[in-house]
Structures are given as C-alpha cells and as structure tokens.
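Trainee: Assemble the whole structure, with the sequences as input and the hints as a guide.
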Amino acid sequence: MKILVCISHVPDTTSKINFTDGDTKFDTNGVQFVINPNDEFGLTRAMWFKEKQGASVDVVNVGGPETEPTLRKALAIGADSAIRVNTEATDGFAVAKQLAKVVKDGGYDLVIAGRESIDYNGGMVPGMLATMIDANFVANCIGLEIDGTNAKAVREIDGGKETVSTSLPLVVGGQKGLVEESDLRIPNMRGIMMARKKPLTVLDPIDSSAETKASSFEKPAPKGAVKLVDADNIDELVNLLHNEAKVI
Amino acid sequence: MSIIVYTESEKGKFKKGALEVVSYAKAIADQMGTSVTAVTINADNAESLGNYGASKVLSIKNDALNTFNAKTYAYAIEQAAKQEDAKVVVVSSSADSKYLAPILAVGLDAGYVSNVVEAPTNVSPFTVKRTVFTNKAFANTEITTDVKVVGLSNNSFGLVETGGSASVEDFSPSLPDSGVSVESVDKATDKVSIADAEIVVSGGRGLKGPENWGMVEELAEVLGAATACSKPVSDLGWRPHSEHVGQTGKPVASNLYIAIGISGAIQHLAGINSSKVKVVINTDPEAPFFKAADYGVVGDAFEVVPQLIEKLKAFKAANA
Chain A
1 MKILVCISHV
11 PDTTSKINFT
21 DGDTKFDTNG
31 VQFVINPNDE
41 FGLTRAMWFK
51 EKQGASVDVV
61 NVGGPETEPT
71 LRKALAIGAD
81 SAIRVNTEAT
91 DGFAVAKQLA
101 KVVKDGGYDL
111 VIAGRESIDY
121 NGGMVPGMLA
131 TMIDANFVAN
141 CIGLEIDGTN
151 AKAVREIDGG
161 KETVSTSLPL
171 VVGGQKGLVE
181 ESDLRIPNMR
191 GIMMARKKPL
201 TVLDPIDSSA
211 ETKASSFEKP
221 APKGAVKLVD
231 ADNIDELVNL
241 LHNEAKVI
Chain B
1 MSIIVYTESE
11 KGKFKKGALE
21 VVSYAKAIAD
31 QMGTSVTAVT
41 INADNAESLG
51 NYGASKVLSI
61 KNDALNTFNA
71 KTYAYAIEQA
81 AKQEDAKVVV
91 VSSSADSKYL
101 APILAVGLDA
111 GYVSNVVEAP
121 TNVSPFTVKR
131 TVFTNKAFAN
141 TEITTDVKVV
151 GLSNNSFGLV
161 ETGGSASVED
171 FSPSLPDSGV
181 SVESVDKATD
191 KVSIADAEIV
201 VSGGRGLKGP
211 ENWGMVEELA
221 EVLGAATACS
231 KPVSDLGWRP
241 HSEHVGQTGK
251 PVASNLYIAI
261 GISGAIQHLA
271 GINSSKVKVV
281 INTDPEAPFF
291 KAADYGVVGD
301 AFEVVPQLIE
311 KLKAFKAANA
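Sequence order for the protein chains is A and B. So that you can map any letter, position 122 of the first sequence is 122 in UniProt numbering, and since no number is skipped, the others follow by simple counting. So that you can map any letter, position 8 of the second sequence is 8 in UniProt numbering, and since no number is skipped, the others follow by simple counting.
Don't take each hint at face value.
Okay, the calculated beta carbon distance ranges per label pair [stated by the list, open to error]:
#1 B:M1 with A:G54: 50 to 58 Å
#2 B:D177 with A:A225: 51 to 59 Å
#3 B:A317 with A:S167: 33 to 41 Å
#4 A:I17 with B:S124: 25 to 33 Å
#5 A:R196 with B:E118: 19 to 27 Å
#6 A:E218 with B:L159: 22 to 30 Å
#7 A:G30 with B:N122: 31 to 39 Å
#8 A:T163 with B:A317: 39 to 47 Å
#9 A:P220 with B:D177: 55 to 63 Å
#10 A:P199 with B:M1: 49 to 57 Å
#11 A:R190 with B:P125: 46 to 54 Å
#12 B:K82 with A:G54: 43 to 51 Å
#13 A:D134 with B:K82: 18 to 26 Å
#14 A:I17 with B:M1: 33 to 41 Å
Don't read these hints as lab results, they were simulated from the structure. Predicted model only: the values in this text are computed from it and were never measured. Idealized CB from N, CA, C, for every residue including glycine.
Mentor: Rendered as structure tokens:
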C-alpha cells in the first residue's frame, strides 16, 4: 500500500497572531512552525500501517523552502520520503490541485490529510482533492482500518460517530482519534540523523490559480475585563446573563 | 439567477442551522437583487422555509438519500444549483455540510469559503469575513469565481423571520455511486449536539471525576444546553471523545459557553473562542480562563453549580 500524508506547516498554537503590510500578510516574525496537529495524528496512523501491515509512507507539502524543516520532522518521525511542491499555498483549491497531480503521478492508494489546518481552518483540501482524483472520501476521520482494498472508517458526526465501509483509493480528513495523543512520536536522535539522508524531492508546481483571496486580516476587538460575580450572589449571575448578555 | 441554500433536516425536521442559513441567504439575495431557492432532502413542511426568506423550495424525496452521504448529497445540490443558475450556494457549518461543501465546490467550479461570520461586506467583488487562526483573527476574503460557495459559521447570523411564503417543487436529481456506505451510527438522540446548541455547559478536570457530572448534566438540562468537556477529561475517559471541545476536538460557536473547573489552556480557548458569551466557574482566580471570559465566579464548582441550577430553575419558572 502506498500512503501519502499531507503535511501543513503551521504556526504553533501558542503563537501570537499579528499581521504586517497594512494587515494583508501574516507576520511570521518570531513564530515557531510545526506539523499541523491534525496531520500529525494522520502521520502516526500511517506509521502504524507501515509497521503492522506493510506500507510505504511519503509526506507532501505545498509551500516554499521555509516548510522543509517541518517535512524533515515528518521524515524523522518515520516517513520514507518527502515531496515539496514549490509554490505558495494561496488557497485550499490551489493546494488541492497541486496535491491531485502528486497523487495521480505517484499512484497512491491512501491519502491522509488533516481535517483542517490550524492556521486557515478551511477544512476543504481533503474533500476537494478526493473529488478531483475521483477517490472515496471520509471527513472527520477518527478511526481507520484497511484490509486489502477495503477500508473501514469511523467518522465523527454532530453528537456522535458513524462507521462506514469504503474502498481504496481513499482520501481521509483525519484528526485526533486516528491515534491518541499518547501515541504521537517525538523524533529521536537516530530518526533525526536518518531524516537528513532521506529523499526530499522538490517539484515544480502545475498551473493553478486560486479561487479565493484573503484581501485583509483583522483581529477581534480587545475584550473587556471579566465581570466577577461573588460566589454567594449567583442571583446576580442569572440577572446579568438575562438582562445584560441576553443569552438566557 | 438565484441564491441556493442547502437546508439540513433530521428525520424530516429542519435543524435550527437550516433556518439560519436561509435567513443568511436571504440577506445575500437582497444585496444581489435576487431570490432564495432552498434545497431540502426528505424534509417535511418545506413551505415553512418561506418564513425565513426562501421564495422557492426544491424538495427532494428519495429513500436512497435517507442516510447522509456527502457525495450523493453534493451531487443532488449541484444539480439544483445548475438548474437554477445559482451564483451563490450557502451551506451551514454542521459536520455533514462541511463534509459535502468541498465536493460541491469542485463540482460547480466554485470558490468556497468556510467559517463565514457575517453577511458579505461587498457583493462585487464578492467579499466575506471568515475566522482564521482558530478564531484568533478574521480574514476578509474575496471569492473570484463566477459561482461561489459560502459556509456560514453556526449561530453567527441568527434567525430572521420574514413572514413570507415559498412555493414547493419536487426535484429529482440523478445520483452517483456513493463509494462510502454507512454501517452503523452511534449517536445520543435525546441530547442536543454541541454543533446545534445555543448554550454549551462544559466541565474540566476540576470536577474531580466522572461521577460528578450529574450536576453538569442537570445544569445543561435546565438551560436546554449541550454538554461538553475539556481535553484531559476526554483523555482520562471520564467523558466520550465526542464531547471534547478545543483545538483538536470540536469547535464551539454557541451563544453562551459555561466552563466549570476548566483552567483555560490556550488549545481549549482556541476551540471555544467564537462563543459569544463565556462564563467561567473556577476556584483558582489565576486560571487563564478568567482573561478570556465575560463573567466569572471564583468559587468551588460543587457549591456554585447547585446554586446556579436552583436559581435558574426559579428564573425559568418566573419567566415561563
């Protein structure tokens, strides 16, 4: 089985979010970038398939050279090789288009992407990619078993979960649940050394234009200080929620 | 030309989010000088959408669509959009709508923007405001394609009753092979889901153990709220993973979010930040949640929550 894991290069959760150039660009100054958490669950599940069932695991990112340390981290965790499509990730559609080319050329059976990236949160790349390559697709995937070309997946739905059966080729939008947090692997020294020697192929992008464009960014208005209510005066809380916040 | 809106239903009954997206589609239609056509799948009382601004409903009734399937549903909506020459297609942010929207967007060659929080700031160029960086910022985003798909964030627009009426037409799209079939569904049917809820009551490790969730559930019941929990609580197995809210769990965009015994780690706050009003109950006045909350009570949950339940019951009785 050939597995491709899509890796987004995203600011760490604790990053301060600021914008530059008249609020048109994300300010990367001082920001630590990591593997998108949803993708890391997928990568770890892919490693499980590799070790338990036999599979090759490649990772891919659509982005500039600055994303390579993140791809190297994925190699250090255990992926066999990495691909970077050398173009700016302008929107979900443009990224999906580049990935579709990589999947077709590479003949992948299973593509695991995160349900969404924690920077732009669009949640659209896996579904668009699956549709472009005419593969089956499971979103919000929290469990995945593969047997030959058959797949059984668990999808998180509003208020619960459902189990579905489908077949390869398959794209999943994965998240926590594919593996648990305690299963995530921290690259060890040997992995880091080996990752340096593993192939990282840089591909030229195909022609594809974005369909959406973030023209400017803004931050939410600063929040007022919390209004404290005395623990002995819960009537006041009910009163505030009713008359001031108007939510009950 | 019209605006198409997909209105989700469950067992024939419209979800609240369905009515909200119709109200939202009506606002876009007014801006663009056109009308709203809703698409329903195995829903009853389709004409009731007229009251929220739909002028027409394309009603699909097909037993093959009794179980949700993203691909077949997306293809059905795509055919409706093409028949109506729709320029904008509106969907909600439910798990199912977010699942089908990217498939629909590719089928329509449409640019798609999700997590949109208000009516378009401009219809030419078509510009919407959406949340980014897990609710830490907004992006004003232009959609440059001829046809546009807009995913509205839950509880961000509200319901607007117009008193209008809608004509209902039967619509019979052709359906593709689904490729994915549902084997079983595990869902609490008697409870409000986090996605649909206007109020969410959430508990953290401060509650000390799963045996103490009775008061959380009682508070939720009084408020008609959904119950949720922090990540450690789901990791410890005190509550099911489907209740975990936060960055790696479910996002919450309720009108009121009540956090009990949750300290407010940045990953938790990222997931619940789009809730409009946040209340925190915690013994530790230094808990980071107090910086993010609108109202706070420094106190022991085991004393504060039962009081709150009692006061709310009295409030409900007085305002019934």
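Trainee: Confirm or reject each hint.
Mentor: Consistency of the hints with the structure:
no.	hint	result
1	B:M1 with A:G54: 50 to 58 Å	holds, 54 Å
2	B:D177 with A:A225: 51 to 59 Å	holds, 57 Å
3	B:A317 with A:S167: 33 to 41 Å	violated, 56 Å
4	A:I17 with B:S124: 25 to 33 Å	holds, 30 Å
5	A:R196 with B:E118: 19 to 27 Å	violated, 48 Å
6	A:E218 with B:L159: 22 to 30 Å	holds, 26 Å
7	A:G30 with B:N122: 31 to 39 Å	holds, 34 Å
8	A:T163 with B:A317: 39 to 47 Å	holds, 43 Å
9	A:P220 with B:D177: 55 to 63 Å	violated, 44 Å
10	A:P199 with B:M1: 49 to 57 Å	holds, 51 Å
11	A:R190 with B:P125: 46 to 54 Å	holds, 52 Å
12	B:K82 with A:G54: 43 to 51 Å	holds, 44 Å
13	A:D134 with B:K82: 18 to 26 Å	holds, 19 Å
14	A:I17 with B:M1: 33 to 41 Å	holds, 38 Å
Comparing the model with each numbered hint stated earlier shows that hints 3, 5, 9 do not hold.
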